[in-house]
Structure formats: C-alpha cells, structure tokens
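Residue numbers (the working numbering), protein chains in the order written: chain A, 2 to 233; chain B, 2 to 233; chain C, 2 to 233; chain D, 2 to 233.
Because the hints were derived from the structure by calculation, they are not lab data. A few of these clues could be false.
Below, a list of computed lysine-lysine pairs in the DSS-like style, where the Cα atoms sit at most 30 Å apart [as the list claims (entries may be wrong)]: (1) A:Lys163 <-> B:Lys52; (2) D:Lys52 <-> A:Lys21; (3) B:Lys21 <-> A:Lys52; (4) A:Lys224 <-> B:Lys52; (5) A:Lys219 <-> A:Lys52; (6) A:Lys21 <-> D:Lys58; (7) B:Lys219 <-> A:Lys219; (8) A:Lys180 <-> B:Lys184; (9) B:Lys21 <-> A:Lys21; (10) C:Lys21 <-> B:Lys224; (11) C:Lys52 <-> C:Lys4; (12) B:Lys52 <-> D:Lys224; (13) C:Lys52 <-> B:Lys52; (14) B:Lys52 <-> C:Lys163; (15) B:Lys87 <-> A:Lys224; (16) D:Lys184 <-> A:Lys52; (17) D:Lys21 <-> C:Lys184; (18) D:Lys58 <-> C:Lys219; (19) D:Lys58 <-> D:Lys184; (20) D:Lys213 <-> A:Lys52; (21) D:Lys58 <-> C:Lys184; (22) C:Lys224 <-> B:Lys224; (23) C:Lys21 <-> B:Lys184; (24) A:Lys213 <-> B:Lys87; (25) C:Lys58 <-> D:Lys52; (26) A:Lys58 <-> B:Lys52; (27) D:Lys21 <-> A:Lys87; (28) C:Lys21 <-> D:Lys87; (29) C:Lys224 <-> D:Lys58; (30) A:Lys180 <-> A:Lys58; (31) B:Lys58 <-> A:Lys224; (32) D:Lys52 <-> C:Lys52; (33) D:Lys224 <-> C:Lys163; (34) C:Lys180 <-> D:Lys219; (35) A:Lys52 <-> D:Lys180; (36) B:Lys21 <-> C:Lys213; (37) D:Lys87 <-> C:Lys213; (38) D:Lys184 <-> B:Lys21; (39) B:Lys180 <-> B:Lys219.
4 protein chains.
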Amino acid sequence: MSKYHHIKQIAYEANMQLPKLGLVLFTFGNVSTADRELGVFAIKPSGVPYKDLTPEKMVIVNFDGEVIEGTLRPSSDTLTHAVLYKHWEAINGIVHTHSTYATAWAQSQRDIPIFGTTHADHLTTDVPCAPPMSDELIEGNYEYQTGFQILNHFQENGLDYKEVEMILVGSHAPFTWGKTADKAVYNSAVLEAVAQMAYLTEQINPSAPRLKDALVNKHYQRKHGPDSYYGQ
Amino acid sequence: MSKYHHIKQIAYEANMQLPKLGLVLFTFGNVSTADRELGVFAIKPSGVPYKDLTPEKMVIVNFDGEVIEGTLRPSSDTLTHAVLYKHWEAINGIVHTHSTYATAWAQSQRDIPIFGTTHADHLTTDVPCAPPMSDELIEGNYEYQTGFQILNHFQENGLDYKEVEMILVGSHAPFTWGKTADKAVYNSAVLEAVAQMAYLTEQINPSAPRLKDALVNKHYQRKHGPDSYYGQ
Amino acid sequence: MSKYHHIKQIAYEANMQLPKLGLVLFTFGNVSTADRELGVFAIKPSGVPYKDLTPEKMVIVNFDGEVIEGTLRPSSDTLTHAVLYKHWEAINGIVHTHSTYATAWAQSQRDIPIFGTTHADHLTTDVPCAPPMSDELIEGNYEYQTGFQILNHFQENGLDYKEVEMILVGSHAPFTWGKTADKAVYNSAVLEAVAQMAYLTEQINPSAPRLKDALVNKHYQRKHGPDSYYGQ
Amino acid sequence: MSKYHHIKQIAYEANMQLPKLGLVLFTFGNVSTADRELGVFAIKPSGVPYKDLTPEKMVIVNFDGEVIEGTLRPSSDTLTHAVLYKHWEAINGIVHTHSTYATAWAQSQRDIPIFGTTHADHLTTDVPCAPPMSDELIEGNYEYQTGFQILNHFQENGLDYKEVEMILVGSHAPFTWGKTADKAVYNSAVLEAVAQMAYLTEQINPSAPRLKDALVNKHYQRKHGPDSYYGQ
C-alpha cells in the first residue's frame, strides 16, 4: 500500500462531500489535503467525475507542485494549492469550487459584507475578494500566480489566514482552507450559505447595516476565542 | 431509564425534523421541549451533527439555565430558551435556526410585512424583528439577554406570544415557539416559507399592498378563532 | 365498497402528486375530482398531512358543497371547488396550492405577463389575477364567494375557462383546473414554473417585451388547435 | 434488432439525463443524436413522459426531417434538429430544454454576458440570444425556420458553432449541441449554471465588469486549445 494512502483516503472522502453539499456541478471543484511531515498533498485528478473517483486515483504532489505519485494528471488548480500549502504552514486542507452564490459574488468583484451572526460565527471581517490579476501574470504561470494573488491580497489587507479561511478570486470563484480537509469543506459550505444570505439581505434592504462590532466579536469569540463555549 | 426520557425523545425527534425540512446547515439550529411539571426542558447538545444525535444525548436544563442531567454541553443558545420558558408559561417548544430567507430578513433588520393569506393563516401581524442589543448587553450575558430582548420587544409592541409565535432577532436569526416542540418546528418552516414569499412579492411589485384587514382576520379566525373550521 | 371509490382513488393519487412536485408545504394545498354523472366530487380532508392520506379519507361533496360521504371534514376551500364545478361544466379536477412563485405573484396583485413560449404552450393570455374581494364578501361566506370572485373575474375579462385553466386570487394564492384531476395538477406545476420564469425575466430585463402575437398563437395552436402536432 | 439501435440507446440515455440534472419539467425538453454515416438521428418522441421512455420508443429521422423508423411521432422540435444537423456537420448531439434560468434570459432577449471563468471555461463570447423571427416565418414552417434563425444568427455575428455550442432563442428557450449527445447535455447543464450565476452577478453588482480578455483566453485555452491541460 502506498505510504500516502491515508491522505488519499482523506482527500477522496472530502472530495465526495462536495456534490453531497450541492457545491459542485460535474467536476467544477477539488479538494486537497496535506501531510506536513511527508511534505506532500493528495489532490483530485483533473476532470474525473465524482462518481468515478476512488482513493487510489488521488494524485500526490509536493509543495512545489511536482507530481510524486499517481498515474492521472492532478487538478488544473494544483499549483494554486501548492503555493498556499508552501506559504501557510498551519493549513492541511484546501477546497476550490464554483458554488453558485459565492461565485456570483466573485464575478461581482465585491467583498461579501458581514451582515449577521452566521457570518460572524466564522470570521470577523467581510469575505475578501481579490481583484483579477494583471494580464502579464495571467498569461504566465496562471495557477501558480493565483496562489500569490491570494497570498498578496491577505498581506496587503492585513488578513490572517488562520482567522479568515476563505477568499473570492475576482471574476473566478472561491477558495477555502483549514486545519483539515473536512474543515476546508465545511468552510466552503458556510461561505455558500453566507453568500446567499448576504445577497438576499441587500435585495430586501439595500441599506442594510453591517453587523455591529460588539456582535462580530461576541459571536466569533464564543466559537473561537480562549473562552469559547460552542461545541463539546 | 431517566425520568426525563419522554422529553429527550420529543426533543430528539423535533431536532431531526430541521434538516429534513431544509432549515439547517450543519449544526446551525436547535430545538428544545419543556416539561412544565418537572420544571425542565430537553435541548440539543452544542455543535453535535444531526446524524450523530440520539435521544440520550439531549441535555436536561432547568428554567434558570442550569444543567440538570446530561454529559454533553447544551446548545450555546440554551439561556435564551430558558428565559423564554421562564416568562412565557404556555409554551413547551422553542426552535432556533439560521434558515436562509428568515435570516436574510433578520439581517435586513425589517419586519416581514403581511402580504397574503399564507401569512395570515398563522399570525395577524407582520413578523416582528427585534433590533440588535446595546453593546453593553452583548458583552454581558449575551444569550440570556437575547431572551430579554425578545420579551421586551413583544412587550413594547403589544404583541401576545400566544398569537405571534415567531420573531426575528435583528442581525441574527429567527426564533419560533409553540405549545409543543412539533408546533414550534412547524412554525419555523412556515416562517421560512412566508419570508421567501414576502421577499419575492417585493421584488415583483415594490409597492405591493399589505393584506387588507378583513382578510387578515378571516384567515386567522378560520384556523384559530372559536369558530375555526380548518383541520379535524 | 363505496360507489365513489373511483374518484376517491383519483383524488388521492392527485393529492399525493403535490408534495412530489414541490408545490406544497405541510397541508397547504388540495385537489378534488368530480364525477359529473353522480353529481359529486372527492376532495382532500382538511388539515390532514399528505403522509397520512388514504383514498378512504377523501370526502365526497356535492356541487352545493354538502358532504355526501366521509367522516372527516373536507378541505376548508371546499365551497370554492363546489362553485367552480357547478358553473364550469367541462372541468373535472381542481387544484389549490400556495406554491412559492405563483403565490408571490398573487400577493403582488399582478397578472403574470406572457413572456415566452413555455407560457404560450399552455395559454394565450397573461395569467389573470383577481383582485381581493370587498370586506362584506370576505366577512360573509368567504370560500363560497371566492368561487364567485373567480367566475366574475373570468366573465368581466372575457376569459374562457376551457382555454385559461388557472387564476391567481389576489393576496391569496393560485387555483388551477382541467378536464381531469391530473391535468389540473399538471397546470399547477406549469403555473409555478411560468411564475418563476416571469419573475426572473423582469429581474434580468425590466423592459422585457411580451411575447409577440404570432408566437403566442403558434405555440398554443401546435399544442391545442385542430391542427395540433404535439404529443402522440 | 434495428440497425439504428445504437443511436436509440444513446438518445435514450441522454434524454434520461435531463430530469436528473433538473433541466426539465414534465416533457419540456428533448435530446437527439446523429449517425453521420447512416444520415439519420434518433430523437425523443413528442410528449412522452421521461418515466415512460425506452430506447425502442426513440424515433429515427433523416436530415430533411423525414421519419425513417418508429411508430411514435417525433418531438415537435424535430425540424429544428434536422436543420442544424444538415448544416453543421461536426455535431452529433442536440439538446433543447426550457431550463429555468436560461429560459428567463431567452425571454429577456439578452445575450448572457461573460462574467467569469465558469463561463470562459466553455466559450469565449457572451451566450448569444437570437431575436424572435418575423411573423411570416413563424406562421410558416416554424420549427424548420427556428433552425435557420439559429444558423443565421451565428453567421451574422461571426460565431463558430464548434466553439460556441449553445444559443438562446429569444422569447423561447435554449438549444445546445456538441460532438456527442453527452456533450450537448453537458452544455445544457453548464448553460443553466452560467445563466443563474450571471443573473445573480447583475443583482449583486449592476455594473459588474465583463471578464477581461486575458482571463477569457486563458480559461478557454486551458480546456480547449492545443496546449490544453484540463482533464486526462
């Protein structure tokens, strides 16, 4: 058995969550999960329908984007995953989807305003939307540069990837991440729900106020702070 | 067997209705049910996925919010439930969800206008939306104060909790209640449907009129008045 | 066996289509079917959940709204059905739902404009919306008057119930009908689809033109005219 | 066994995908697939519910629209399929649906703007919307002329049917095509997703910019160009 079997299994199960959660049409999404000690991640093969996936079909790639094991070509977004794993050492799972509402916000090139506690339970800022890249970068190593586009947007805006585990790439679609692949998948579903609610909120009240700071802090801290009291 | 088994079973079954009715994502909701003679209620444990719930995992809490039986931590919203049970003696079930459309209205900080008979079949007023609390109360005993926020909004607006069995908590999400846990769950689904229809109504006709009083009264009375003739 | 068994069976099966087609929440809908020779119709009992329905529970009512057979109370909308059967002799099935998009148009008190061929495949006019009744009529025999509200709106607007098999009752919800209960259920699903598409059409293009007359006629005739060539 | 059995089987399976993908209500859609050597295509019979379809019920028609084999009447849209097969020699599958969002755009008589990479992964232009035909053509051989309406709109706008595999027929609904029936069905589902996202994008940001050319080209080329690297 491959010494990478454990992450292939995790990546397989996490990928299979995407269609169950209604986050993908056909093959429009991918999940990867990393093993930091082995210095690699397992990722979905490119363009393979979810119903045909097996753990064995996952591709093992290192943090420079080089295929280490596997006969199939990895996801076309593999280099974006590699860049994020290489620079953000605390994450072990990454998800990319074209989920409907999050993608619509990405296409709108707007941050998703923080309107309520559903949002604040997960992050204390608007969901950031990185602008499209320059033509030069697009025409170069596109997926590699997409990783840096994300890194740079976080740096320029003073965002912490351990606290904000999601981004919209402008004109494109969302990426989410987390300490595990499961958490990254969870974040993708949360993002889609938050994106739909924010869209509806603006339709119902175009001047809806952002969530007040006291509620932002309260809800985030009860789930994430040192005195958190949500869950077991 | 626990002397609270009967309400654990009811609370379990009522909680399991939420995902079936499409009202919750992951663990974003909870149902409780009270036994007035025993002076306690059974409530969902915090953060436990619905697929892992069992009747035995329900937590027994008294009306001051103290855990009476159970090894798991109760829902983070437990104190809100406790306050409502303590002050509103005729209710035996409470539901909290972040259902999509009702939460969008809550985030919009608007009452849901009564536009049609679907709404009037269940209540004769707009669905009230309580404003967000003051920063001082948020930073204090937040969930406890959320209960009072609801009580106060009803009192200030002359609403009767026996007739209006639902509220939106501004910037947050809905709470519903009823004589039984089943009725409270039913009310959550009705609220979500009414919230979606009201949203669409305003999109289709921004100057749509509120339901005329004669229809408000007729539809409510045929389901709820002394001469009601709906159902068996 | 009851001599009405055949229509109880038809009414049962037609009622059970409503939740499958996503047209009802809980008990918010009902189907009836008539036997013209026996001068009666079978209708859903009031407030009974779909999962508890059986053919035997259907209630037999005559065209004056009097219960002929059955131990349960018939749908609260029974008198509306009775009035329509009594005056429109060619129909044998009636459906009432509170389906989401059709009800939103009813609450908007607007006719649904004929924007495309999906609509024209089924009727050549806008879907009519009857205005709410006068207070006097509402406070009188409400469901009976709702029947006349529908009849009068058709008469005043020169509509033919054999060609236009659906109406929105303003502030309330849709009714549909047809030569059979199956056709009436079919019409309810078509109406909901047409209502959703018309809503989206106006959102995408607020000045979207109505369907040109040549297309209205072509599509209706290919399904309904003497030279129709749709179906087998 | 019919010498057309292979395309009947393909057409059957492709038709059965439409309800699974949520693209049709009742019988509002049809798929055909051609055998170029035999000079015919297999198409769904008109008005037959999907649950009653079998491969044997598919109708064999030549590229002039004449029935070659089969006892059922072919889809009322058969002549449109025939015209496209006759003039566009590289296609072997055609799909027509009234899917909700694509049809709403068709009714709006607007091209679907290219807002994001989900769109650019499949075509480099807006999704074209052909205007409704003149009254004279509608009243003539309508379905036959619909085929020419599509051909002419492509020619007049310099579009290549091998690159743009979809169109909206104004006031009507979408057609898609491809090298195989499976690809045509895939294109219908992609179109519906793109149509929904574009609708939401404009709602969220009425001045959302079209996708920049560099991204249009990059995404299309990575899936379709000589150096494509998507899939296996």
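Between D:Lys58 and D:Lys184, is the straight-line Cα distance small enough, at 30 Å or below? holds (22 Å)
Please work out if C:Lys180 and D:Lys219 have their alpha carbons no farther apart than 30 Å. violated (56 Å)
Tell me if the straight-line CA distance from C:Lys224 to B:Lys224 falls inside 30 Å. violated (42 Å)
With a cut-off of 30 Å on the C-alpha distance, tell me whether A:Lys224 and B:Lys52 pass. holds (21 Å)
Straight-line Cα separation of D:Lys184 and A:Lys52 no greater than 30 Å? Distance of about 17 Å is within 30 Å: holds.
Check the hint pairing B:Lys219 with A:Lys219 against an upper bound of 30 Å on the C-alpha distance. violated (44 Å)
Has the given pair, C:Lys21 with B:Lys224, been kept, meaning a C-alpha gap of at most 30 Å? Cα-Cα ~26 Å, so holds.
For the pair supplied as a hint, B:Lys52 and D:Lys224, is the alpha-carbon distance within the 30 Å limit? Since the Cα atoms of B:Lys52 and D:Lys224 sit roughly 39 Å apart, the hinted pair is violated (cutoff 30 Å).
Given the hinted pair D:Lys213 and A:Lys52, is their alpha-carbon gap at most 30 Å? violated (34 Å)
Straight-line alpha-carbon gap D:Lys52 to A:Lys21, limit 30 Å: holds (24 Å)
For a C-alpha distance cap of 30 Å, please report whether D:Lys21 and C:Lys184 respect it. holds (23 Å)
Within a Cα-Cα threshold of 30 Å, do A:Lys219 and A:Lys52 meet the stated pairing? violated (42 Å)
Hints 5, 6, 7, 8, 12, 14, 20, 22, 27, 28, 33, 34, 36, 38, counting from the list given before, are not met by this structure.
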